[in-house]
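From first to last, the protein sequence lines stand for chains A and B.
The first sequence finishes on residue 502 if you use our numbering, and the numbering steps up by one all the way, no holes.
The second sequence finishes on residue 570 if you use our numbering, and the numbering steps up by one all the way, no holes.
If you are wondering where the hints come from, they were derived from the structure by calculation, not from laboratory data.
Among the clues, some could well be false.
What the hints assert, rightly or not - Okay, derived cross-link-like pairs now, DSSO-like style, lysine-lysine, Cα gap no bigger than 27 Å in a straight line:
(1) K54/B <-> K248/A
(2) K144/A <-> K423/B
(3) K237/B <-> K147/A
(4) K54/B <-> K144/A
(5) K386/A <-> K446/B
(6) K397/B <-> K385/A
(7) K144/A <-> K477/B
(8) K465/B <-> K386/A
(9) K358/A <-> K196/B
(10) K361/A <-> K446/B
(11) K477/B <-> K60/A
(12) K147/A <-> K198/B
(13) K473/B <-> K385/A
(14) K358/A <-> K88/B
(15) K385/A <-> K103/B
(16) K423/B <-> K248/A
(17) K147/A <-> K196/B
(18) K144/A <-> K446/B
(19) K361/A <-> K477/B
(20) K385/A <-> K84/B
(21) K386/A <-> K196/B
(22) K385/A <-> K78/B
(23) K386/A <-> K473/B
(24) K358/A <-> K198/B
(25) K446/B <-> K385/A
(26) K84/B <-> K248/A
(27) K386/A <-> K198/B
(28) K121/A <-> K54/B
Claimed, not checked - The following residues of chain A were derived to be distant from chain B, with all beta-carbon distances above 10 Å:
(29) I101
(30) D227
(31) A230
(32) Y235
(33) K255
(34) L265
(35) L363
(36) A413
Given the structure is predicted, the values throughout are model-derived calculations rather than measurements.
Where a beta carbon is used, it is the ideal one built from N, C-alpha and C, also for glycine.
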Amino acid sequence: METATERQDAKRAKTEHQAAEGAEPMAVDDAVQQKDAAPPEQQQQTGPSMRFLMTQYYKKLFPVQQMFKWLCYGNDSSHAAADGSFSSRRELCFTLEGDIFVRYQSYKSWTDLATDLARKVPSKIDIGPVYTHDPRQRAKYAKDFKPVQRELVIDIDMTDYDELRTCGSGGHICSRCWPFIAVAIQVLDTALREDFGFQHILWVYSGRRGVHCWVADEGARLLADDVRASVVGYLSVIRGVEGGMAKLGMGMVKHPALERAERLLRSAWRQHLLPEQCLLDEPQHYNALLQYIPDEELRSSLAAKWAKGGQGIVPGGNRRASAAAAAAGDSVSLSVRRWDELEKAVKEQASRLPSGKAAKALEKSLDDIIFAYSYPRLDVEVTKKMNHLLKAPFCVHPKTGKVCVPIDPEAAWDFDPDDVPTVQQLVQEINEQQQDAGASPQQQQQAAGAEGWRGTSLEPYIAAFASSFLSPLAASSKAALNERAQAAAAEQRTQRADVSW
Amino acid sequence: MNFINSAPRPVVGGTPTTQASKGPYLELSMYKEVPTGEISLEEFEEYALDRLRVLKAIEEAKLRSKSEDTIQADVETLLKKHMQGSSRQQTYRKDVLSHHILRLAYCRTADLRSWLLAQEALLFKFRFKALGRQQQVEFFSSMGLPYHAISDAEFEELAGQLAAVLNACGEWDKAKAVTSSSRRGDTHGLQDIGRAGAAAAAAAAAVASRPLFYKVPFQAVPDLVGSRRVLLRAGQAYVGEDQVYSLVVGAFRSCLSASLAEAARAWGAFSAAEADRLAPLVDSLPSRSVYGSDNRKVPVGEISAGQLAGLVAGRHFPLCMSVMYERLASEHHLKHWGLQQFSLFLKSIGLPLEQALLFFRQQFAPRTPGDKFNKEYAYNVRYNYGQEGKRQDWSEWSCVKIINQEVGGACAGAGECNGGCPYKTYSAEQLRAALSRLNCNDKVIREVVDKARGKHYQLACGLAFEGITGSPQETGINKPSEYYASSIELATQRAAAAAGANGAGAQQGQQQQQQGQQAGGGAVQPQQQEGPPQTPAGQRAVAAGIPA
Ligand SMILES: [Zn+2]
Numbered sequence: 002m003e004t005a006t007e008r009q010d011a012k013r014a015k016t017e018h019q020a021a022e023g024a025e026p027m028a029v030d031d032a033v034q035q036k037d038a039a040p041p042e043q044q045q046q047t048g049p050s051m052r053f054l055m056t057q058y059y060k061k062l063f064p065v066q067q068m069f070k071w072l073c074y075g076n077d078s079s080h081a082a083a084d085g086s087f088s089s090r091r092e093l094c095f096t097l098e099g100d101i102f103v104r105y106q107s108y109k110s111w112t113d114l115a116t117d118l119a120r121k122v123p124s125k126i127d128i129g130p131v132y133t134h135d136p137r138q139r140a141k142y143a144k145d146f147k148p149v150q151r152e153l154v155i156d157i158d159m160t161d162y163d164e165l166r167t168c169g170s171g172g173h174i175c176s177r178c179w180p181f182i183a184v185a186i187q188v189l190d191t192a193l194r195e196d197f198g199f200q201h202i203l204w205v206y207s208g209r210r211g212v213h214c215w216v217a218d219e220g221a222r223l224l225a226d227d228v229r230a231s232v233v234g235y236l237s238v239i240r241g242v243e244g245g246m247a248k249l250g251m252g253m254v255k256h257p258a259l260e261r262a263e264r265l266l267r268s269a270w271r272q273h274l275l276p277e278q279c280l281l282d283e284p285q286h287y288n289a290l291l292q293y294i295p296d297e298e299l300r301s302s303l304a305a306k307w308a309k310g311g312q313g314i315v316p317g318g319n320r321r322a323s324a325a326a327a328a329a330g331d332s333v334s335l336s337v338r339r340w341d342e343l344e345k346a347v348k349e350q351a352s353r354l355p356s357g358k359a360a361k362a363l364e365k366s367l368d369d370i371i372f373a374y375s376y377p378r379l380d381v382e383v384t385k386k387m388n389h390l391l392k393a394p395f396c397v398h399p400k401t402g403k404v405c406v407p408i409d410p411e412a413a414w415d416f417d418p419d420d421v422p423t424v425q426q427l428v429q430e431i432n433e434q435q436q437d438a439g440a441s442p443q444q445q446q447q448a449a450g451a452e453g454w455r456g457t458s459l460e461p462y463i464a465a466f467a468s469s470f471l472s473p474l475a476a477s478s479k480a481a482l483n484e485r486a487q488a489a490a491a492e493q494r495t496q497r498a499d500v501s502w
Numbered sequence: 023m024n025f026i027n028s029a030p031r032p033v034v035g036g037t038p039t040t041q042a043s044k045g046p047y048l049e050l051s052m053y054k055e056v057p058t059g060e061i062s063l064e065e066f067e068e069y070a071l072d073r074l075r076v077l078k079a080i081e082e083a084k085l086r087s088k089s090e091d092t093i094q095a096d097v098e099t100l101l102k103k104h105m106q107g108s109s110r111q112q113t114y115r116k117d118v119l120s121h122h123i124l125r126l127a128y129c130r131t132a133d134l135r136s137w138l139l140a141q142e143a144l145l146f147k148f149r150f151k152a153l154g155r156q157q158q159v160e161f162f163s164s165m166g167l168p169y170h171a172i173s174d175a176e177f178e179e180l181a182g183q184l185a186a187v188l189n190a191c192g193e194w195d196k197a198k199a200v201t202s203s204s205r206r207g208d209t210h211g212l213q214d215i216g217r218a219g220a221a222a223a224a225a226a227a228a229v230a231s232r233p234l235f236y237k238v239p240f241q242a243v244p245d246l247v248g249s250r251r252v253l254l255r256a257g258q259a260y261v262g263e264d265q266v267y268s269l270v271v272g273a274f275r276s277c278l279s280a281s282l283a284e285a286a287r288a289w290g291a292f293s294a295a296e297a298d299r300l301a302p303l304v305d306s307l308p309s310r311s312v313y314g315s316d317n318r319k320v321p322v323g324e325i326s327a328g329q330l331a332g333l334v335a336g337r338h339f340p341l342c343m344s345v346m347y348e349r350l351a352s353e354h355h356l357k358h359w360g361l362q363q364f365s366l367f368l369k370s371i372g373l374p375l376e377q378a379l380l381f382f383r384q385q386f387a388p389r390t391p392g393d394k395f396n397k398e399y400a401y402n403v404r405y406n407y408g409q410e411g412k413r414q415d416w417s418e419w420s421c422v423k424i425i426n427q428e429v430g431g432a433c434a435g436a437g438e439c440n441g442g443c444p445y446k447t448y449s450a451e452q453l454r455a456a457l458s459r460l461n462c463n464d465k466v467i468r469e470v471v472d473k474a475r476g477k478h479y480q481l482a483c484g485l486a487f488e489g490i491t492g493s494p495q496e497t498g499i500n501k502p503s504e505y506y507a508s509s510i511e512l513a514t515q516r517a518a519a520a521a522g523a524n525g526a527g528a529q530q531g532q533q534q535q536q537q538g539q540q541a542g543g544g545a546v547q548p549q550q551q552e553g554p555p556q557t558p559a560g561q562r563a564v565a566a567g568i569p570a
């Protein structure tokens, strides 16, 4: 009986899901990219099946207690003001094998969730909003069923940087294009904290070619859709790409938030993006960048100079030479040297211009380049709607096997997407642990609720999730509950006073 | 007739207050008070349509990215033209009544609610901005919003950044005012504008010798935040005194939003009580064309089935109809709603019933034998011409109806079969392809795709007109026949100009004729962009570019 309704739900959910998220480009893209991007383990088909691995993952590795605790915001406690229905009003959406979406799942306790995960073994879990009622009973409430809160989320996808990055495209991600993401995290994290005053911010690697941000402050969770859209507007500078050039929503004088962003971008530009992306090594790349300089003569003289400089080196070897130089740390990389040349040439030319306005416009083009290349590119639709689904942290990306682990924004530069533990590796680690311990199959079974991730390469990520995100959040949630309890008590006192009056 | 008392709470508007009617602000209302009293059916309809005219004009101005100042001026003109009564009281009455009628008419779906909310908020904003400064402050204060102006100490601390925001917005003078007052370092103490009475607030504003800034949660001013026109610090936005409109509009929005939700809940009761009288009228308002029938005339005169191919080739049909024509020509089939949409359009541009039957029978023939056609489709065509069923003279579908048409079923992928608006149903890729087949200018195609992505389908259609004909469509497109009419009119004007300019028109005309004949023969070839139709001036407009 349950399966029948679920199947129906799944079918409906699929259309709703697509309606909600547009054409679902990720799915299409993934299918296309799979051939190139699948890790060798999968291509060889020698290891255990993904289904087997995921079963093991949910049984022993997935931090179900911590995840559930997060999504309850203290309402799972025995606090007087706790809302016992809270967790069962939160939608989770599962993607089952064969891309079947099962929407509107909800759970009363972490053990219920753990049991269902072990049974359904979803290849992906999405987190939806908290509704007015249990989403399983939404039909009963019809019009009164609507979302009331969810985290403010941000999605950054590497494919939005495809026309910029020189190391790959589509599903590709590597330590050389990571700087785009790292600087985006820095800029956005700072703005969310300093400008919007948010404190409970979780950054998560999406398992493949992007990152997600979850802002869990109560104020963020309650934002109406139009305010979410305004946050997007405030944080966005790039208003689209036309003819290979980004259109920037930024005038001659910058808003203080963009001034601050510029400082972060400028240091990342010389330290990471130019040397690691080799943006000015090869003609197709430097010509694209030079487009932003509104002075034809300057553009062509620089291009001509660089074209000469590039000759005589091993064909296609510029990048390697440049990267090697950067790695050795003994000399400035070719792209950085060229950038310095460009900057100098622009400033000189600007000083020669008779009109101050034209000079300023020319100098601004340097800023434009830096913003166009390194200012965060948001997938804006994801942020705008309270009821948008977003993949949960600690999911396993079905194509790469990588776990969606949290990223410390302070250490975003040190994060390497290639170092992220995969489900294959983690399952192997547990097996080895158990073999070392000589555990019997019985004991292995017991590992289910016993936090099997301890001692694996997943542990540091879960520990960081608990210490830097969950515990400060728990303190805030408790304070909020106390406040609510006090308000309720005050209300009661007033009522009593009214009666005696 | 008392429409308010005839149904259980048909119009809902939060807590009734007396301030709106007694206060000095007849020019501007928060519409918190539910109107009572008598209104005739005619007035009821007229008021609603007049207000819609204003709202739609503002929407269009906004979509055309007109400047704020231009729209501000437009709004004044529009209000004078459509909303002014014989006295101040009459104007106020019309304003309040028409607002409440539309509130009811637009409460029923999320799309309608958000449309009305957006347009009413815009109208409110422009009207608030038109008030004098003193009135603005008083209105703001009278709302009792709990916002405080920042202290001198905070002003001193933030002056640099406040000025930077103003400079980034191009408000050089205001930025200068901030910088210079901060250097003077006057002391004023905390200005509590919010809870203070109107008089105190006005006084405070009057004596303030430095620009005032209010500190409010950023959620209260989404438009200022979204366009980076405020300084944000730790979740607080610093709103300048000339930006308080945003706070006022924000309060207006949330008030109206709640009222619309409440009206939606009350709709069932209203429509049951008013099923025979007001409900159908109210129900039809959102899909009504607000332009008078004299605004754009479909060229008079009949056209024949044989001329249709030429009209399509001459690119006189809007995209929704030309794709349907092509689909019909290649697939020899349309689904029910597609057939409805298309045949009502053909009817509205002057294709008589017998010609319509001839045309559809021919087109359906390869897949649907004559008797099957007669049984399954002819009825619908005759019905549309008022020859069957209710025998009503059905009019063509408006763009709103077409846009809202559910495009489902077997042909949903292509969209044409079931009708609908291609600017909504097509992917960007499909749209680009379809428009370039119509020789639409590439640059315009990009803009059209942008507009379509932004859900401004009618505007996208208007832009496509410009890209295809090389001439802007000024009047807006609310029905497919309006696109057609504008296109024919343009062709006629160009033909007249060509004929008047020199005698060489005849030669060009011949060329046109040949192209037209080719098209008529079945192959649908887009014509050259500039090709002026051969019709001599004075000949019937519909003949332009069409082989006789
Ligand atoms: Zn890379």
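Hints versus structure:
1. K54/B <-> K248/A: With Cα atoms ~43 Å apart, K54/B and K248/A exceed 27 Å; violated.
2. K144/A <-> K423/B: 24 Å, holds
3. K237/B <-> K147/A: 32 Å, violated
4. K54/B <-> K144/A: Given pair K54/B, K144/A holds - Cα atoms ~25 Å apart, limit 27 Å.
5. K386/A <-> K446/B: 20 Å, holds
6. K397/B <-> K385/A: Distance ~50 Å between K397/B and K385/A Cα, so the pair is violated.
7. K144/A <-> K477/B: 25 Å, holds
8. K465/B <-> K386/A: 31 Å, violated
9. K358/A <-> K196/B: 21 Å, holds
10. K361/A <-> K446/B: 42 Å, violated
11. K477/B <-> K60/A: 45 Å, violated
12. K147/A <-> K198/B: 48 Å, violated
13. K473/B <-> K385/A: Distance of about 19 Å is within 27 Å: holds.
14. K358/A <-> K88/B: 26 Å, holds
15. K385/A <-> K103/B: 38 Å, violated
16. K423/B <-> K248/A: Distance ~35 Å between K423/B and K248/A Cα, so the pair is violated.
17. K147/A <-> K196/B: 44 Å, violated
18. K144/A <-> K446/B: 26 Å, holds
19. K361/A <-> K477/B: Roughly 37 Å separates the two Cα atoms, so the pair is violated.
20. K385/A <-> K84/B: 21 Å, holds
21. K386/A <-> K196/B: 35 Å, violated
22. K385/A <-> K78/B: This hinted pair holds, its Cα atoms lying about 25 Å apart.
23. K386/A <-> K473/B: Distance ~20 Å between K386/A and K473/B Cα, so the pair holds.
24. K358/A <-> K198/B: 20 Å, holds
25. K446/B <-> K385/A: Distance of about 20 Å is within 27 Å: holds.
26. K84/B <-> K248/A: Holds, because 21 Å separates the two Cα atoms, which is no more than 27 Å.
27. K386/A <-> K198/B: 39 Å, violated
28. K121/A <-> K54/B: 52 Å, violated
29. I101: Its Cβ never comes within 10 Å of chain B, the nearest being 21 Å, so this holds.
30. D227: Violated: least Cβ distance 5 Å, not greater than 10 Å.
31. A230: A230/A is in fact no farther than 10 Å from some Cβ atom of chain B, at 6 Å.
32. Y235: Non-interface label fails for Y235/A: nearest chain B Cβ at 5 Å, not farther than 10 Å.
33. K255: Non-interface label fails for K255/A: nearest chain B Cβ at 6 Å, not farther than 10 Å.
34. L265: Answer for L265/A: holds, closest chain B Cβ roughly 17 Å.
35. L363: 20 Å, holds
36. A413: Per Cβ check, A413/A is outside 10 Å of chain B; nearest 23 Å; holds.
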